[in-house]
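Colleague: These protein sequence lines are chains A and B, in that order. With positions in the first sequence counted from 1, the corresponding number in this note's numbering is that position plus 1. With positions in the second sequence counted from 1, the corresponding number in this note's numbering is that position plus 1.
Hints listed in this document are in silico derivations from the structure and should not be mistaken for laboratory results. Take the hints with a grain of salt, since some may be wrong.
Which copy is meant is left open, because identical chains are indistinguishable; a pair holds if it fits in one copy or across any two.
Below are the SDA-like pairs computed for lysine to any residue, each with C-alpha atoms no more than 20 angstroms apart in a straight line [to be verified]:
id	residue 1	residue 2
1	K209	A169
2	K280	D214
3	K110	Q128
4	K284	E217
5	K40	R249
6	K284	E219
7	K284	V215
8	K131	D58
9	K284	S198
These figures come from a predicted structure and were not determined experimentally.
2 protein chains.
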Amino acid sequence: MAKKKRSKNDLAAKISEKLRVTEGFELSKLATDATPGFKGKKADAEKVMADQRAEIDDLQERLYANGRDGDGPSILLVVQGMDTSGKGGIMRHVVGSVDPQGISLHAFKAPTAEEKRRPFLWRIRQQLPKPGMIGVFDRSHYEDVLIVRVHNLVPPTTWRRRYGQINAFEQSVTDAGTHVVKVMLHISSDEQRARLSERLARPDKYWKYNPGDVTEREFWDGYLEAYQAVLDRTSTDEAPWYVVPADRKWYARLAVQQILLNELRSLQLDWPPADFDVKAEQKRVAAT
Amino acid sequence: MAKKKRSKNDLAAKISEKLRVTEGFELSKLATDATPGFKGKKADAEKVMADQRAEIDDLQERLYANGRDGDGPSILLVVQGMDTSGKGGIMRHVVGSVDPQGISLHAFKAPTAEEKRRPFLWRIRQQLPKPGMIGVFDRSHYEDVLIVRVHNLVPPTTWRRRYGQINAFEQSVTDAGTHVVKVMLHISSDEQRARLSERLARPDKYWKYNPGDVTEREFWDGYLEAYQAVLDRTSTDEAPWYVVPADRKWYARLAVQQILLNELRSLQLDWPPADFDVKAEQKRVAAT
Numbered sequence: 002m003a004k005k006k007r008s009k010n011d012l013a014a015k016i017s018e019k020l021r022v023t024e025g026f027e028l029s030k031l032a033t034d035a036t037p038g039f040k041g042k043k044a045d046a047e048k049v050m051a052d053q054r055a056e057i058d059d060l061q062e063r064l065y066a067n068g069r070d071g072d073g074p075s076i077l078l079v080v081q082g083m084d085t086s087g088k089g090g091i092m093r094h095v096v097g098s099v100d101p102q103g104i105s106l107h108a109f110k111a112p113t114a115e116e117k118r119r120p121f122l123w124r125i126r127q128q129l130p131k132p133g134m135i136g137v138f139d140r141s142h143y144e145d146v147l148i149v150r151v152h153n154l155v156p157p158t159t160w161r162r163r164y165g166q167i168n169a170f171e172q173s174v175t176d177a178g179t180h181v182v183k184v185m186l187h188i189s190s191d192e193q194r195a196r197l198s199e200r201l202a203r204p205d206k207y208w209k210y211n212p213g214d215v216t217e218r219e220f221w222d223g224y225l226e227a228y229q230a231v232l233d234r235t236s237t238d239e240a241p242w243y244v245v246p247a248d249r250k251w252y253a254r255l256a257v258q259q260i261l262l263n264e265l266r267s268l269q270l271d272w273p274p275a276d277f278d279v280k281a282e283q284k285r286v287a288a289t
Numbered sequence: 002m003a004k005k006k007r008s009k010n011d012l013a014a015k016i017s018e019k020l021r022v023t024e025g026f027e028l029s030k031l032a033t034d035a036t037p038g039f040k041g042k043k044a045d046a047e048k049v050m051a052d053q054r055a056e057i058d059d060l061q062e063r064l065y066a067n068g069r070d071g072d073g074p075s076i077l078l079v080v081q082g083m084d085t086s087g088k089g090g091i092m093r094h095v096v097g098s099v100d101p102q103g104i105s106l107h108a109f110k111a112p113t114a115e116e117k118r119r120p121f122l123w124r125i126r127q128q129l130p131k132p133g134m135i136g137v138f139d140r141s142h143y144e145d146v147l148i149v150r151v152h153n154l155v156p157p158t159t160w161r162r163r164y165g166q167i168n169a170f171e172q173s174v175t176d177a178g179t180h181v182v183k184v185m186l187h188i189s190s191d192e193q194r195a196r197l198s199e200r201l202a203r204p205d206k207y208w209k210y211n212p213g214d215v216t217e218r219e220f221w222d223g224y225l226e227a228y229q230a231v232l233d234r235t236s237t238d239e240a241p242w243y244v245v246p247a248d249r250k251w252y253a254r255l256a257v258q259q260i261l262l263n264e265l266r267s268l269q270l271d272w273p274p275a276d277f278d279v280k281a282e283q284k285r286v287a288a289t
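Bound conformation, chain A alone (with noise of 0.2 angstroms):
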């Protein structure tokens, strides 16, 4: 089933491809209310999204079953982006479409206390996926070359370390076996106004409402400049950063689901082979 859909037409790779950060990308000039590679509207995305379900099923159960003896591959997904960019919207819509029981996710708020004793990739470590499992970080170790470089929370010689640290220790994850796909939801300055609006007006809404959020407002630029850096420092053949344009939602979630579907294909896994005696146990179960 995995393998008759692999062409170099298909969705999945084609939308994959479009998005992935290369060399010379510039965020400033991605139109945040486009569509890479999808020519439809939203029903049309959604009806993609709905048809491609069985197939992730499939394919995040075969990873799993990998998983099972302690030593197959596993997949993280870490989703990044502004206030309101909607990484909540991927996680209810992409991410809850697949069983929950090969799902790891995690949302890293602000550092504790004792996290911020540590290292800043010690509390990012307890977090990564087992094998067979798809991890999803809802924030993640980029926050540490993001908030903190935007509002100077160490010393700029520590941020500027943190680049080449972060590119060490994803070589690790994946020499380890983790798959790691990297997705920047990016919304327009506009778009974020509206979405806070939206919130402001909804009384089932005002729970998601952070007066800090509207205080991050006049950092927007620094913000740019850190996810740029981000985007030239860290993207790298085995840890791929792609960026989404997020500001028609129905869109970054049909994105991300390509991109997830890419990865899940690219690992061509087959089911484990029995570790017993098929006949055998047969003949055992009859008997009982």
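Following the hints, position chain B against chain A.
Modeller: Showing chain B alone in chain A's frame:
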């Protein structure tokens, strides 16, 4: 939205009431292929489940929103059952339909060497849901009075004390704001044989097959006795057991969704009020 559906005739309340363990309940008298409280067939059940999703989403999000300040209620759904009783299907089809950001799922395997050196509830405590979350246990501390009792893994004086220890523990959990619901998926021995045979007939299911599961079939009556003791001694008003006939997978899924929905409705949660000045924030956002 939550309030108008809370009538005494609704399906969630009806099925929950029928499956809830009350004094004198006898496991051996339950028809494992019955569908208590539901007259429809598989397709009807699937439609009911799909139709309830929007309400579950709404109630789960209210729960999550109320947990944001660190002291709202939470839910703990404990799922137990013999091998092949369909625990994985519940995780995939019922738990999997809920926003993964609000789910904290943990599958308890045979205890590790470190876990064995600790009191049996130690590893359970680590996995209790935080405020706002729906915790789900795939197996649980009940294994410590099920497999442990059946195979005499500890002296009888030890496992006998555990019923009281479990009740005291669950009391402390509910006191802390966690609503505990416990589900036993109950299949017949014949149904288990059929499901084991099916795993042996399909190469994509071999990985789920464990020769030890057949060996365990010899202890079927011992497990029934151990489950009966669990139901007799640990089904309390605050942490009740529900026994779900599970020979029909579609009914088991429907039933567990009703039990979860019934519990979510019972919380009667409103959206948390704004802890900021809405008008002032609207002006701030518009000015950026």
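Colleague: The structure should be examined with respect to each hint, and the outcome stated for every one.
Modeller: The hints, checked one at a time:
1. K209 <-> A169: Intra 35 angstroms, inter 36 angstroms, cutoff 20 angstroms: neither.
2. K280 <-> D214: Cα proximity of K280 and D214: across copies only (16 angstroms, versus 62 angstroms in one copy).
3. K110 <-> Q128: both (13 angstroms within a copy, 19 angstroms between copies)
4. K284 <-> E217: For K284 and E217, only the inter-copy Cα distance (16 angstroms) is at most 20 angstroms; the intra-copy one is 67 angstroms.
5. K40 <-> R249: For K40 and R249, the Cα distance is within 20 angstroms only inside one copy (13 angstroms; across copies 43 angstroms).
6. K284 <-> E219: Between copies only: 15 angstroms across, 71 angstroms inside.
7. K284 <-> V215: Between copies only: 11 angstroms across, 68 angstroms inside.
8. K131 <-> D58: This pair counts as within: shortest intra-copy Cα distance 18 angstroms, inter-copy 29 angstroms.
9. K284 <-> S198: between (66 angstroms within a copy, 9 angstroms between copies)
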